[in-house]
Structures are given as structure tokens and as C-alpha cells.
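Asks: Chains as they are written, first to last, in this note's numbering: chain A, 1 to 197; chain B, 198 to 526; chain C, 527 to 1274.
Treat the hints as calculated values from the structure; they're not laboratory data.
Careful: at least some of the hints might be erroneous.
To be verified - In the DSS-like style, the derived pairs of lysine-lysine whose C-alpha atoms are separated by at most 25 Å in a straight line are: (1) 192/A - 925/C; (2) 244/B - 662/C; (3) 1259/C - 1270/C; (4) 939/C - 953/C; (5) 962/C - 919/C; (6) 939/C - 925/C.
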Amino acid sequence: MAPVIRPSTGVGFCTPGAQAEIAERPNAASGEHSDTRRITLTVNGEQHDLHVAPNAVLLDVLREQLGLFGTKKGCDHGQCGACTVHVNGRSVNSCLMLACLQEGAEIVTIEGLAESAGFEQGHHPVQAAFLEHDAYQCGYCTAGQMMTAAAVISDDSIDGDETSLREALSGNICRCGAYKNILDAVQSARGKMRGGQ
Amino acid sequence: MRAFELESVEAIDQAVSHRRVHDGEAFIAGGTTLLDLVKLDVMQPEKVVDVSRLPLKRIETLEDGRLKVGALVSNTELAKHEIVMRDYPVLSEALLSGASTGLRNMASTGGNVMQRTRCPYFRDPAMPCNKREPGTGCSAIEGINRNHAVLGTSEHCIATHPSDMCVGMVAAGATLVLEGPDGQREVAFEDYHLLPGDSPEREHDLKPGELITHVILDAPRSGGQHYLKLRDRASYEFALASCAAIVNLDGDNISEVRLALGGVATKPWRADAAEAVLKGQPATQENFEQAAEAAFNDAVAYSHNGFKITLGKQAIVRALRDATAAARG
Amino acid sequence: MTTETQKPQRVDGTLTSIGQKKPRIDGTLKLTGGADYAADRNLPNQTWGYPVSSTIAKGRLVALELDEALAMPGVLDIFHHDNFDKLSRSPNDFAAANKVGESRLPFEDNEIYYHGQYIALVVADTFEHARAAARKVRAQYEKSDDQLTDILALDSGQGDLPGEDVPGDASSRGDADSAFESASIQLDQRYSIAHENHSVMEMHASVAQWENDMLTVYESSQGVVFQRNALAKIFGIPQEKVTVISHFIGSGFGSKLFMWPHAVMTSVAARRLGRPVKTVVPRELEYLNTGYRPTSLQRVRLGADDSGKLLSIHHDGCNETSPAGLHDDTVSGATPSMYDCDNVAVTNRLVTVNKGAPTSMRAPGEASGAFALETALDELAVKLEMDPLELRKKNFAEKDPAADLPWSSNHLKECWDNAAQRFGWNKRNPTPGAMKDGDEIIGYGMATQSWEAMRQHCSARFGFRDDGTLLVACGTQDIGTGTYTIVAQTASEMTGVPIEMIDVRLGDSSLPSGPLSGGSFATATVLPAVSAAMKEALAELKTLATAEGGVFENVDQDSITLRDGRLVSGDNSIEIAELLRQNRIGLVDGEASTKPGDEQDQYSFRSFGAVFVEVRWDPGISRLRVARVCSTIDIGRAINPLTATNQVEGSIVMGMGMGLFEQIEYDAHGYPYNNSLADYVVPVNADMPQIEVELLDYPDYLRNEFGARGVGEVGLTGVAAAISNAVYNATGKRIRDMPISIEKLLAS
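If we strip away everything but chain A, and leave its shape as in the complex, we get:
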């Protein structure tokens, strides 16, 4: 059977969407074996009943079972930050978390970032600022950058000066080296979200 390629959906930039194929791929991360357990994950405000293996990693479950491919795997060892998501409002590296231990937690990925903060899908101030400031090139680390940025901006213990922000963002490697624009975007979004602070 051919891969399902979505037709162009309207005007503008079009690419075959990955999302279309997700529905056909249940339990990709866990397999269907008896060594799975049943858990409920709350992701982007939605509850998902899932069967996962005890060793299933949150990152893999988000991607392979829930089809939330916006969260990226860059190293699988906590060495790059591409897999950053929010768990209970804090930025974390989802590659080093067991899915089974996240029951009851509020998980937010890039797909739900805007709505989790009360903005229209795709219009979180961090997303808008990244677009405006061209705070990316290849886009692969970008979800992780933005998830860290959003958490850092709303963290009262992290100052808004350049040094503090650059340090707080340093766990998200951007090999394209778009750090200048990332910092500009985060400062701009921070200004918008925190007003004069």
C-alpha cells in the first residue's frame, strides 16, 4: 500500500504531512507484547490511554505512539535538548524519562504550546518571535529551543538579561548556530509576555 500523502491543503507552502499516517500506526514504540502496561498520559490537555512497555521512553511514546513528531530526537542521551517538552510546567528532556512514570502529569509538546498558554494554535509569542527574528535555520532543534524558552520566560527566578538567558538556553544546542536570533527572539517574546519586567 502506498504511503498516504496528503494533498495540498490550500494556498501557500505545502508539503505532504506526516500526520496523516499516524493513525495507522498504533503502539509503534511499545509493540503489542504482553510486557506492556496500561497508562493514561495527559498530553496537550488530552488524555490518552496507552499500552506501553515499562522501558518505553516518553520521547518515543510521544513520537511513535501519539504521532507528535514535533518533539525531536537529537541524541537520545540528554546531550542536546531537541527533545525538550514541558512536564507540569517545567522544561525537561523527554529522552531521559520513562513514559510509565508520567501518569498524572501535564505534558505539553510544541504542538500544544500555544494553546496551553491560552494562545491560538501556532501563535505563542515565542513562536511569533522565532518567525519574525528568523531564530532557526534547519528547524530541527527549534521545538526544543522554544519549549525551553517558554519555560524560561515564565520562570521568575531567571532574569531577563542577556547572560542569564543565554545560560538558561545553553542546554539546547543549535548546530546551525542561530543563537543570536534565538536570543533576540526570546528577549522579544519575553518583553511581550512580561511587559516591562
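Given chain A, work out where chains B and C should sit, using these hints.
Replies: Here is chains B and C on its own, set in the frame of chain A:
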């Protein structure tokens, strides 16, 4: 990653009642060390016990002025706790110099104490390593050892202890509370981590089935404090050399001093020889340099890490200078 | 249909789209998680591959013990030398567009050429099952102990460099030997660049699927056409039966230009299992199995008179290559073009090492070569007691002295002056260590930047749709440089159709063949083809409009112009979409191919720049930081200054990595010591200096009708040299071997 059983426990006695007599079982709290190493097949637990829901998330001041920190307090929470920032700035700075925002949010206090070395030979099961597989030999001694220790090494292992937090705790002074099948006991923080000697696989004084439940920080020491971490890039990298310094002045003289080193030793390292040089002496650059020399008197360099002796001394001198400045206000 | 290169001509009227700072048209997809990278795809009934690789650097694989792994949960099969399909090697020919990264086929023989070489592929139902089983595969080797992984160890430190000479790389003019011997000022130094890895954020990945005899591979690729062609050769099937798709690439920097063996293993496994297979190269193998910038050793000899006029340049290079794939980095290749000097001789040599195949890494050759040449010039300036910038100005090449051709466009002098002025170069104290600020000593350094401005052949399709939108398609890729966006800007500029109405399709080998995304030639190559295709489509539209009963019946086609999405003739006009609807046609499109013309023989094409660096050195704690970088770049016209500036800024960050941190190290046993993102140190956000980039805007219409030369590489060249030169100014220490690590600073 290998398959394992997963069990969640809700109470401490449940966690330590298993009488875990072999290392086929592992606790998981934050997971930042364990999952990393299981993916690499360096740690091979058959069963993982989730202790992340135990009631060990509080920070409380004891009547004697000490600060009791639950083992599940995250590195972020500990670093940014009001009392820690005020009374233990050297620990706060040490914590915030480690890892990244996201990892610090995950990593627990107890897990940080249990952090494993970053030696690449240890992290690759294909390579001989006495720490991972006793008796197979040390690949680093004859191999590349740029990141390895110059203090506390043995002919069997020269792996560096990677933690920043532990260095801050050694300087601040602390006690570990361990809960085990045979009840509770306390161990001085400095005595907890072991030198590699001829059994580098034994990294600490934790008996089978025991769990770290708390770290109790000594009552706050007055004076100036500073943690200085030196590394290649500016952030998100383990130390090549670091120094935690607490300096008390009596006029221009050093009345009390605590010095601990990271990045250069096989365990979080108390530089007591350096402290002895300084006690009662004027807080001068010359004395700082003499103390630094004393700290590395017994240092052993290998083919690639000789520069760490110089760098470690520099870390001491600068940390002392800045801690002294802080002490003077 | 092929059209010859257009005569240089300025785009009519005021530019509204080209040359404007436009946010990326793929931005929203990237910012919402909707952009589909290779591994972001699960096909029905898909399985997972996980590779097993050699743990020795040289020897022979004697036996594989698979029983335990085969018995692991979910395992479907394990592929290796004894059960692998018989395939043909790709001809590995750049000109035929089938070059691959590793010339060997996977599991081709049981010889082990390098640590990390694939010895098996485990396929299982899930990723974790495949990984767990891969850890259970045991290999027995006969190990050879005469492996070589460090070419610097072969160097005697004087005279000729080690290795085999590459005769085709040698070039000379004048009599460099004699000129050097008689020069009053002489410099003879050796330089090296460590083995650097691209360290792309997105690990290489293949998702392969066979449907009947048709192969589709979703790949993280900078060259879908190259990979399509290579796969067709390897499997012995027509190109039409292979499709390679790469809509988004998590950066490449050269490591994804040419196919690596994982794609072949995965395709074979998919065919054998009759199910799609997804393989993601594990991070630790990214450093061993997907190319790298080879270690290079260089010798530069400069002869000058007392005024600083260069009398001779010798530049000898040597880089490592691999039995798994030949790679000649030609580090001295650009040197003959750089400065006005009558006597120049360059050579290159190769040493075969037991590592995976090296490949192109951003500004291949020139980034390494420029480090040596530009550091040598700084050393010469010290000998001459001359300002290093003045030394370069004195030797400015008014034409390309290597090709003896005029430059198509060269504004290097303005780059030097512009960047120097913005940087405050006149405040530099040439005495090392003389500029201080608290604990820190400040150092200033500079270097010239340059990269050849190439152009390739290219095909593209351009369509007008009846809903007013445009379709532009080309089998090239957007690797993060902004190709999607500049294609849309160009289409918008030519037609007046707003960018939002333009549908750009790239990253699919079934589209008209486009170039690799590499060498900074994609922009200069693709846009002329888009333009030519548009003209084909426009001609169709005009025919339609002037047909009997058409709106422009009896109107001379030459009088019809295209403006704001309308065909216009005199006072009459018609919206193109309306024209199509009237004729009940959904789409009118044109396809065209373009290639560079005889301008190649009349001019030399290069981009230029100047980079100035401030470092801060705290000797009390041996801390070196890059504090400030100013760079001015001459790339012709930047189609999108927003994304082009970003490229240069990112190049500076990568140059800092080359200068300060990056080095894959092998131990004496041939073991790769730091093949992880934690141990291979790349710059993080906290390392970022104050960066100020300025792009000059002198369109190079000799290169193409849009005046664009491309921007990906030029910004990297010279950065490491400028850092090294600044370090000398701060410390008096001349570090000639990159990276400038703490121990080198302490030792010298």
C-alpha cells in the same frame, strides 16, 4: 534499551524492604543517569524501582540550624531555594553550573550524589573498564585521559567524579541519611564517595537495598563563598576543574576556610592540605598560590591531563580571591 | 527543453520581494512541529532497523554470534555479510550525479577498515526491541594492531608533508622556489585542523519501502537526485523506479550530500522483509559513519619584500582519507586565487587512515586552507611589523591571478574597510598583551574570507493555477538555508503574485532534477531554472490569451507583459487565473533546464568577506572567550537578507567551534574517544559573542540574472584564523593547530 520490570513504591520502607542483594535492581528518580546508561547497556537492571513518588521532596531547617534536604528535591529547586541561595550560595552556584535547565529540572538531589563518571571508556561496554567490569583493565590510563582525574587515582581507575553539586556540598559540609533494610544511618558526605583503589566498581558507601533519603547540610558557615567552574565551552559541559571555596576572615587573616575541588579528582575532593596552609594566614595572592600548590602536591598526571594540575590550581586561587572579596562584602 | 543562460539583466523595476527580509514560508511548519523530517514518518506495517558496528579499527570479522539476538522479543531478522543481497557499487561519480559517501557497499566483505563500520543490521518490530537485540549481537575479530588514525603523528615537523602526492591537485605559476629563496622576509610554518564532525542535530535516517519493484526512501538528504541515482545503480533498476524524499533536513553541512551505507542496508532489509524499515543512525555512529572534515596538515611558505609585497606563496596540504571512501579535501586549492603574487606553488597529499570516509564539511578545503594561509599572513605581518590588514590590502588581487581572468564582481576592499571600521580595528594595539580590561587581556585579529561561487545545471517546473496560486517545483532541497523561501520570493518578484500564494515543492527526486544543497551553489543554480520555467509557462499563457476568441486576440505576444499576476497589453489586462478559468484549464506550466554558459571562461566567480574578532583571555584561569565578531560579506545580491545574514552568523558560530573546541580524538588503539554530543564540544548559546554581520549588495549579474552568488560557506572561511590571530595579539602565543584548547594555551 533492554527490557526491565518496573515497580513503583509509595513509601520508604517499601522501597528498602526488597533486600536487594545484587545490582540487578536500580532505583529511578529523575532518570537522567540511569536511563542514559541503560540505553548504552552500561547499567543492566532487570528491575527498576520508581522512588520518584516517595515523600522526600521537602527542604526544612532543623532545630540545630542545619538544613535537611529531601533526596527527591530537584537540582533546580535546591539551587533556587531561598535559604540555599542565602546561606549556601556556593552550593547554589555549583548546582546552577551543572548540566542544563531541563536536566536540572529532572535531576534529584539523591540522584546527583549517585551520578556516574563520564569516562567514555566506562560508557562503552565494548571497552575494558575496571569500574564497569572489574578485572578487565583501565582503558583510560593508556588511552586518552584528557578529562580524567589527577587526584585520588589508582592504577585501576582514573575516572573523574562528574558532579558539581557534590563539590558544593563537600565545601558546605553535609551528612547523608541512608535508609536500608537494617534501618537508618548517617554518613558524613565526605566519606560517602570512595576512592577507586583496587575496587573502582565500589563507588560509594551504600549497602545493598539502601536508599539515600536526605542530605543534611551543616549549619550555614558565615563568610564569603564562591564556586568557580572551568571548562572548554561556557556552559553545558562537565568541569575540567572547579573549586568551591568558603572563606572567613578575621581582619586580613583567614580564620576559617573550606575548599573542595571538582573535575580533577576521582571523588568530590576536599582540599584539606590547602586549607591547612591558609588557616590563620593573611588572605593574599601568595598564600592562595601556596595553598593551591599544596592541594596538588600528590597529584598524578597522565598523558593528556597534566594541564588540569595547572588549571585546578588556578581555580583555587581565583575562587579564594572571589570568596575573600565576598567575605569582605 | 533547455534554454541558454540569460544575458545579464537587471530585474525590471523596483524589487518588492527579492532582496527583502522575508520570514520563511516554511516557518510556521517548523515552529509548530509540522515539518516532516525523515524519521518523522511511520509507514503502515513498518519495522525498525538498528545497526551493529565494529569495535575495532582494523582487522577482520571472524564470526558473528546472532542466536541470542535473534531470540530477543520482536526481532524479525538480522542482516550481515553472509546473508546480504548481492548488489553493485555505485559508480560514485560526481558528474553523473551518483556519488556516495562510502564507496563500499555495506557488509561487502569481512574486512574491518574502521571503528564503527557496520557489521550487521537488526530489524525488529519496535525501536527498543531492535536496539536491545543489537546489543546482544557478539562479534569475533582478528584484530590488526597497525591501525593508523592520526596523520599528525606521521609528520616529521619539517620539510615535506607525509602522504601520497595527488598530481592533479598541484598547480604553480612563476618560480616559487627561487622567489622564496631570494625573499628578504621568509616564513615557513606548519598548521593543522583537527578532525571535525558535522554534528548535525538530526541524525541521519532512512525510511525505506518497496511497492512491487518501486523503492521509496525518505531520507535526510542534501541531494535527493544523487541518492536516487546511486540507489538505482546499486540495485540495478531504472532511476524511474526509485524515489528519494527529503522535505526537511535537520541540517547537513555536507554530511548529507552523498548517501551513506545505512540507506542501502535499510532498503535491502525492506525488500527482504516486504515491509517498510526505518533506521536512524545512532548518535555515537553519526561521528564515525557519516563523514567528517578530515584532519589536515599544512605547510605554508611565504616570501615577501620589506614593503610587504608577496614574492612567493607555497601551500602544501595533506589530509586523511579512508579505505572506505576516497576524499581529497584540496586544502590548498583556493590559495592561488587569493592574493596578487607572481610565484605560487600548491600541492596536496593524502594519507589513508583507519577511519570512516571523510566528506565535504562546510567550505570543504577552503575553510582549512584559509586557516593556514590567513594565519601565515598574520605571522608575516608580525615579521614585517606591519598592520595585518594593510598587508592584505597591499597584495589585493585585482583579477584572479590563478585563472588570469577578471573577477565577475569583487568588493573585497570594501569588505575589509567596512568590517574594520565597524569593528574599531584602528584601536588595535599590535603589541601582544597590551590591551587589558580587569582580569582579561583583549586581542584583535582579522582574516580574509572567500569561497568559489559555482553554478550547476538545473531543471525546474513553474505553473500558474486557476485559483491564482503558483506551483514551483525543483528536485533540490532546503537544508535550512531558506531555499523554499527564496524560490517563492523569486517567483513572486517575476509574477507579482504574493508570496503567500506560492506553493514551492522541493526535496523529492521525482521533481525536475535540481542540484545538491551544498557548495553555496544552490541559489545561483536554482533561481535561473525557475525563471526559465516561468518564461516557458508564460509563453503558454500568451498563446492562450492571443488565441482566437482570446482576450488578446490579434495582439502581438511581445507586447504582453506580466504584472501583479495579470497579463497586460496596453490598457487591457486579464488576471491569469481568470484566463485559465475562461479556458477551463486548471494549470498551465512550463519546465526548463539551465546551466552556466561561457561566462565561466570569461570571468572568475568568487564571494568575499572580511572577519574581525575580539577575544578575551583571562590568564589567571586560562579562560579564552570570543567576545565580538564583525564580518562584512560580498555575495552579490542576497535574495533574502534575513536568512542570508543568519547563514553568516551561524558560520561564525561554527568557525568558533573549529577555532576553539572541535576535535574528534582517537586513542592509540584506534578507539574514537569522544563520539557524542557531550564529549565533542560544539558552541552553545552562552559561547555566542556579540556578532555583527553586514552584507554588501552588489548584484553579480554575470553569475545569473538575479545577481546572487550564494552564502552558505564564505562566512566560515577565515573565522578560525581570525580567532587564532586575535589569540596571538592577546597572549603572544601562536597556536597553529586547531582547536585552540586550554592545554595548548597553557603549554605554549
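Asks: For each hint, tell me whether it holds in the structure or not.
Replies: Hint check:
In summary, the hint linking residue 192/A to residue 925/C is not supported, as the alpha carbons are separated by about 51 Å, beyond the 25 Å threshold. Distance hint between residue 244/B and residue 662/C is fulfilled; the C-alpha atoms sit about 19 Å from each other, no more than 25 Å. Taking the CA atoms of residue 1259/C and residue 1270/C, the gap is near 9 Å; set against the 25 Å cutoff, the hint holds. For a cut-off of 25 Å, the pair hint linking residue 939/C to residue 953/C stands: about 20 Å separates their Cα positions.
A threshold of 25 Å between alpha carbons decides the hint, and for residue 962/C with residue 919/C the separation of about 28 Å lies outside it, so the pair is violated. For the given pair, residue 939/C sits about 13 Å from residue 925/C by alpha-carbon distance, which is consistent with the 25 Å threshold.
Violated hints, in rising order: 1 and 5; the structure is consistent with all others.
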